[in-house]
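**Q** Sequence:
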Amino acid sequence: MRQFIYPFNPTHATLKDPYGRVRASFTLQNGTNTLPELESAGFYYESQDGARFYIYKGSGVLEWEHCQRGYDFSSLTKPPALKALDQALQAKSLDRQSFRDFVQVYDLNIEKGAEYLLPPHFAKIDRALAFTLITPF
Numbered sequence: 023m024r025q026f027i028y029p030f031n032p033t034h035a036t037l038k039d040p041y042g043r044v045r046a047s048f049t050l051q052n053g054t055n056t057l058p059e060l061e062s063a064g065f066y067y068e069s070q071d072g073a074r075f076y077i078y079k080g081s082g083v084l085e086w087e088h089c090q091r092g093y094d095f096s097s098l099t100k101p102p103a104l105k106a107l108d109q110a111l112q113a114k115s116l117d118r119q120s121f122r123d124f125v126q127v128y129d130l131n132i133e134k135g136a137e138y139l140l141p142p143h144f145a146k147i148d149r150a151l152a153f154t155l156i157t158p159f
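Under this note's numbering, the residues of the sequence shown are numbered 23 to 159, in order.
Everything labelled a hint here was simulated from the structure, so no lab data went into it.
Where hints are given, some of them may not hold.
What the hints assert, rightly or not - With a straight-line cut-off of 20 Å between C-alpha atoms, the simulated DMTMM-like cross-links for lysine to aspartate or glutamate are:
#1 LYS38 / ASP71
#2 LYS38 / GLU68
#3 LYS79 / GLU59
#4 LYS79 / GLU68
#5 LYS146 / GLU59
#6 LYS79 / ASP148
#7 LYS134 / ASP123
#8 LYS134 / GLU85
#9 LYS38 / GLU59
#10 LYS146 / GLU61
#11 LYS134 / GLU59
Claimed, not checked - Here are the in silico distance ranges between beta carbons for each label pair:
#12 ARG91 / ARG43: 16 to 26 Å
#13 ARG149 / GLN126: 13 to 23 Å
#14 VAL44 / ARG149: 28 to 38 Å
#15 ASN52 / ARG149: 31 to 41 Å
#16 PRO32 / ALA152: 37 to 47 Å
#17 ALA152 / GLN51: 22 to 32 Å
#18 ASP94 / ALA152: 20 to 30 Å
#19 GLN70 / LYS146: 16 to 26 Å
Glycine included, each C-beta is placed from N, C-alpha and C at the ideal position.
Construct all of the structure, not just a fragment, from the sequences and the given hints.
**A** Structure (structure tokens):
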């Protein structure tokens, strides 16, 4: 379960799977709320007005602005993609959206000084990159 700040009027929200099927329903209040963390890519929450949001693992209270983006790093989990990500990070030439998203989450975690946001596959990729910086591919 993860706490997050919902800045709008009270409403209802549903947890949906990648096929749009409702898995659970929740009531959201203005202010701090607690919802289960999303553990698989493709799952999302949807408010009664149709807005999608994402509650990922991490530490601290999640700010609403950091719930707005769905991340899917599954394409970066294979060794060739990890090598390309490592090279792109070193060259500072990030031309793929997944790479940019990874760096955005990485930078946010550095800014917060903790593992603030951990979308699916993020920690696995982060560990693999740390290992490759020590041991080349």
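**Q** Now tell me if each hint is right for this structure.
**A** Status of the hints after comparison with the structure:
Our distance criterion of 20 Å between C-alpha atoms is met by LYS38 and ASP71, whose separation comes to about 14 Å. A distance of roughly 7 Å separates the Cα atoms of LYS38 and GLU68; the hinted pair therefore holds under the 20 Å criterion. At roughly 6 Å between alpha-carbon atoms, LYS79 and GLU59 fall within 20 Å of each other, so this suggested pair holds. This hinted pair checks out: LYS79 and GLU68 have alpha carbons roughly 18 Å apart, not beyond 20 Å.
Restraint check for LYS146 and GLU59: the C-alpha separation of about 17 Å stays at or below 20 Å, so the hint holds. With a C-alpha separation of about 15 Å, the suggested pairing of LYS79 with ASP148 holds against the 20 Å cut-off. Using a Cα cut-off of 20 Å, the hinted pair LYS134 and ASP123 holds, with the two alpha carbons roughly 17 Å apart. Using a Cα cut-off of 20 Å, the hinted pair LYS134 and GLU85 holds, with the two alpha carbons roughly 11 Å apart.
Under the criterion of a C-alpha separation no larger than 20 Å, the hint pairing LYS38 with GLU59 is consistent with the structure, at around 12 Å. Distance check on the hinted pair: LYS146 and GLU61 sit about 13 Å apart at the alpha-carbon level, within 20 Å; holds. At roughly 19 Å between alpha-carbon atoms, LYS134 and GLU59 fall within 20 Å of each other, so this suggested pair holds. Distance hint check: the CB atoms of ARG91 and ARG43 are about 22 Å apart, consistent with the given range 16 to 26 Å.
Under the hint 13 to 23 Å, the C-beta atoms of ARG149 and GLN126, about 19 Å apart, fit the expected range. The hint said 28 to 38 Å for the Cβ distance between VAL44 and ARG149, and at roughly 34 Å that hint holds. Taking 31 to 41 Å as the suggested C-beta distance range, the pair ASN52 and ARG149 conforms, at roughly 38 Å. Between PRO32 and ALA152 the beta carbons are some 42 Å apart, a value that agrees with the proposed interval 37 to 47 Å.
Distance hint for ALA152 and GLN51: a CB-CB separation of about 39 Å, inconsistent with the stated range 22 to 32 Å. The beta-carbon spacing between ASP94 and ALA152, approximately 21 Å, falls within the hinted interval of 20 to 30 Å. At roughly 34 Å, the beta-carbon separation of GLN70 and LYS146 lies outside the given 16 to 26 Å, and the hint is violated.
Comparing the model with each earlier hint shows violations of hints 17, 19; every other hint is respected.
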